[in-house]
Amino acid sequence: MFSEITGTSTFNLLGKGLEVSALRNRAIANNIANVNTPRFKRQIITFEDEMAKVFDGKVELVGKRLDDRHIPIEQINYMDVRPTTITDRAHVMRNDKNNVDIDVEMSDLAKNTMTYQVTSSRLAALFADINDVITRGGRA
Amino acid sequence: MGMFHTIDVSASGLTAERLRMDVISNNIANVNTTRTEDGGPFRRQLCIFQARKPMASFPLMERRKPQVVGNGVRVTTIMSDQAPFKLIYDPNHPDADKDGYVRMPNINIVHEMVDMITATRAYEGNVSCINASKDLFNSALGIGARR
Amino acid sequence: MRVLDRNPFADFPAKLRPSQTNAKEQWFQFAEKIQGAVDEVDGLDKESQKLTQDAVLGRIENLHDVMIAAEKARTAMNLTLEVRGKVIEAYKEVMRMQF
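Chains as they are written, first to last, in this note's numbering: chain A, 20 to 159; chain B, 407 to 553; chain C, 69 to 167.
Where hints are given, some of them may not hold.
What the hints assert, rightly or not - In silico lysine-lysine, DSSO-like type, Cα no more than 27 Å apart, as pairs:
1. B:K540 with C:K160
2. B:K492 with B:K504
3. A:K35 with B:K540
4. A:K60 with B:K492
5. A:K130 with B:K492
6. C:K118 with C:K101
7. A:K60 with B:K504
8. C:K160 with C:K92
9. A:K116 with A:K72
10. A:K35 with C:K154
11. C:K118 with A:K35
12. A:K130 with A:K60
13. A:K116 with B:K459
14. B:K459 with B:K540
15. C:K154 with C:K92
16. A:K116 with A:K60
To be verified - Covered by chain C, per the in silico footprint, the following chain A stretches (three or more residues, Cβ under 8 Å):
17. 106 to 115
18. 144 to 158
What the hints assert, rightly or not - Label pairs and their calculated CB-CB ranges:
19. C:A158 with A:K130: 34 to 42 Å
20. C:A91 with A:E69: 31 to 39 Å
21. A:R58 with B:N537: 26 to 34 Å
22. A:N96 with B:K459: 15 to 23 Å
23. B:T442 with A:V123: 35 to 43 Å
24. C:E129 with A:I105: 34 to 42 Å
25. C:W95 with A:I105: 52 to 60 Å
26. A:D75 with C:E115: 42 to 50 Å
Derived from the structure by calculation, the hints contain no laboratory data. Note that this is a predicted model, so its numbers are computed, not measured. We put the CB at the ideal spot given by N, CA and C, even for glycine.
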């Protein structure tokens, strides 16, 4: 019964958004902590592009099964999309081969923080709305 | 790893940068030191930073495993810079050798100042990260709030 | 035309038509649904308690997991209590009927 309340796509997307933003916060913190480490390469988290494609149903990944034991590849469910950690091996100018640009990291930090705040605020409002409806919806 | 792992990562950065500042301050303070306990002029010291690996990672499998976010930074050693000492011609100096040259520490003040600025900026960056993490936690706590 | 010559539900779409089972079966179905909901609430509540304990013991990765689980449990409990209130109200209403 409750999966219809808490299993809507809005709810699921908000939950995933929080997970991704928290992971991104961790990656940015690690990048900034290692801004002076020689040969360190920054890490980024990708998620939104892949999720947008899967959510709109545009991923046409059809696998050929040549054998019965092959696992079928079908349409991906949007709930299965996971964030990916990618090491950015961009060419660097610095002598110590470190490619962390602290200004880029700080701006990413600000963006990510605000994204998390938006997401959690929407989720809070969603819960409050549901509870409002439950409590007051049954009264005349 | 705990929900404050991100703050641990930033804290490791703070520790490392502060240690670096200590080393830089020491270098600047000793820029004219011609006598040390081991004899000879003061040698410039520098910190070697190394990224901490996520727990239980095997180097052979690194490329094939899905990537994991790293674990912060650590100062592995404080090394002496093996660059040659500066030779200053000053025959009246008590530590001058027979040719009148004094060996001075291999410290370049400008270089140290640049390092100091870098360390300060990195320290401030890590402080911003900790504040951002605190913001995230407070936002999450607001999920249960009622209007 | 007499009032009940036509089956008044004949034109309704299939979903809205009342099923032809008798009252006892309908009551059992309803009771099963309620029981299922109570079990779900219990599950959500246990999950929320487990995550809260993990939070205190330092075992969780993300704080928002704890908050979301707590809110889900609270919402589910709220809904169940409201439904329970309505059912009891309905029962009292029926019991008050004078025949």
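Results of checking the hints against the structure:
Between K540 (chain B) and K160 (chain C) the CA atoms are separated by roughly 51 Å; this puts the pair beyond 27 Å, and the hint is violated. Restraint check for K492 (chain B) and K504 (chain B): the C-alpha separation of about 16 Å stays at or below 27 Å, so the hint holds. For the hint pairing K35 (chain A) with K540 (chain B), the CA-to-CA distance comes to about 20 Å; that is within 27 Å, so the pair holds. Between the alpha carbons of K60 (chain A) and K492 (chain B) the distance comes to roughly 35 Å, so the proposed pair goes past 27 Å and is violated.
At roughly 48 Å between alpha-carbon atoms, K130 (chain A) and K492 (chain B) are farther apart than 27 Å, so this suggested pair is violated. A C-alpha spacing of about 26 Å is found between K118 (chain C) and K101 (chain C), which places the hinted pair at or below 27 Å, so the restraint holds. A C-alpha spacing of about 50 Å is found between K60 (chain A) and K504 (chain B), which places the hinted pair above 27 Å, so the restraint is violated. Using a Cα cut-off of 27 Å, the hinted pair K160 (chain C) and K92 (chain C) holds, with the two alpha carbons roughly 19 Å apart.
The suggested pairing of K116 (chain A) with K72 (chain A) is violated, with an alpha-carbon distance near 35 Å, which exceeds 27 Å. Taking the CA atoms of K35 (chain A) and K154 (chain C), the gap is about 35 Å. The hint is violated against a cut of 27 Å. Of the supplied pair hints, the one linking K118 (chain C) and K35 (chain A) holds, its CA atoms being roughly 21 Å apart against a limit of 27 Å. The suggested pairing of K130 (chain A) with K60 (chain A) holds, with an alpha-carbon distance near 21 Å, which does not exceed 27 Å.
Between K116 (chain A) and K459 (chain B) the CA atoms are separated by roughly 18 Å; this keeps the pair inside 27 Å, and the hint holds. Between K459 (chain B) and K540 (chain B), the direct Cα distance comes to roughly 24 Å. Compliance with the 27 Å bound is thereby established for this hinted pair. Among the hinted pairs, K154 (chain C) with K92 (chain C) is consistent with the structure: their alpha-carbon atoms are about 20 Å apart, no more than 27 Å. The hinted pair formed by K116 (chain A) and K60 (chain A) meets the criterion: a straight-line CA distance of about 8 Å does not exceed 27 Å.
Closer than 8 Å: that is the beta-carbon criterion, and the segment 106 to 115 of chain A has 0 residues meeting it against chain C, so the requirement of 3 is violated. As drawn, the segment 144 to 158 of chain A meets chain C at 6 residues by the rule of a beta-carbon pair under 8 Å; at three or more, the given contact holds. Checked against the hint of 34 to 42 Å, the pair A158 (chain C) and K130 (chain A) fails, with Cβ atoms roughly 52 Å apart. Under the hint 31 to 39 Å, the C-beta atoms of A91 (chain C) and E69 (chain A), about 53 Å apart, miss the expected range.
Against the hinted window of 26 to 34 Å, the Cβ-Cβ separation of R58 (chain A) and N537 (chain B) comes to about 29 Å, which satisfies the hint. In this structure the supplied range 15 to 23 Å is violated for N96 (chain A) paired with K459 (chain B), their Cβ-Cβ distance being about 33 Å. The hinted window of 35 to 43 Å between T442 (chain B) and V123 (chain A) holds, with their beta carbons roughly 42 Å apart. Checked against the given bound of 34 to 42 Å, the beta carbons of E129 (chain C) and I105 (chain A), roughly 20 Å apart, lie outside it.
A hinted range of 52 to 60 Å for the beta carbons of W95 (chain C) and I105 (chain A) is consistent with their spacing of about 58 Å. Between D75 (chain A) and E115 (chain C), the C-beta spacing of about 31 Å breaks the proposed range 42 to 50 Å.
Checked against the numbered hints above, the structure breaks hints 1, 4, 5, 7, 9, 10, 17, 19, 20, 22, 24 and 26 and satisfies the rest.
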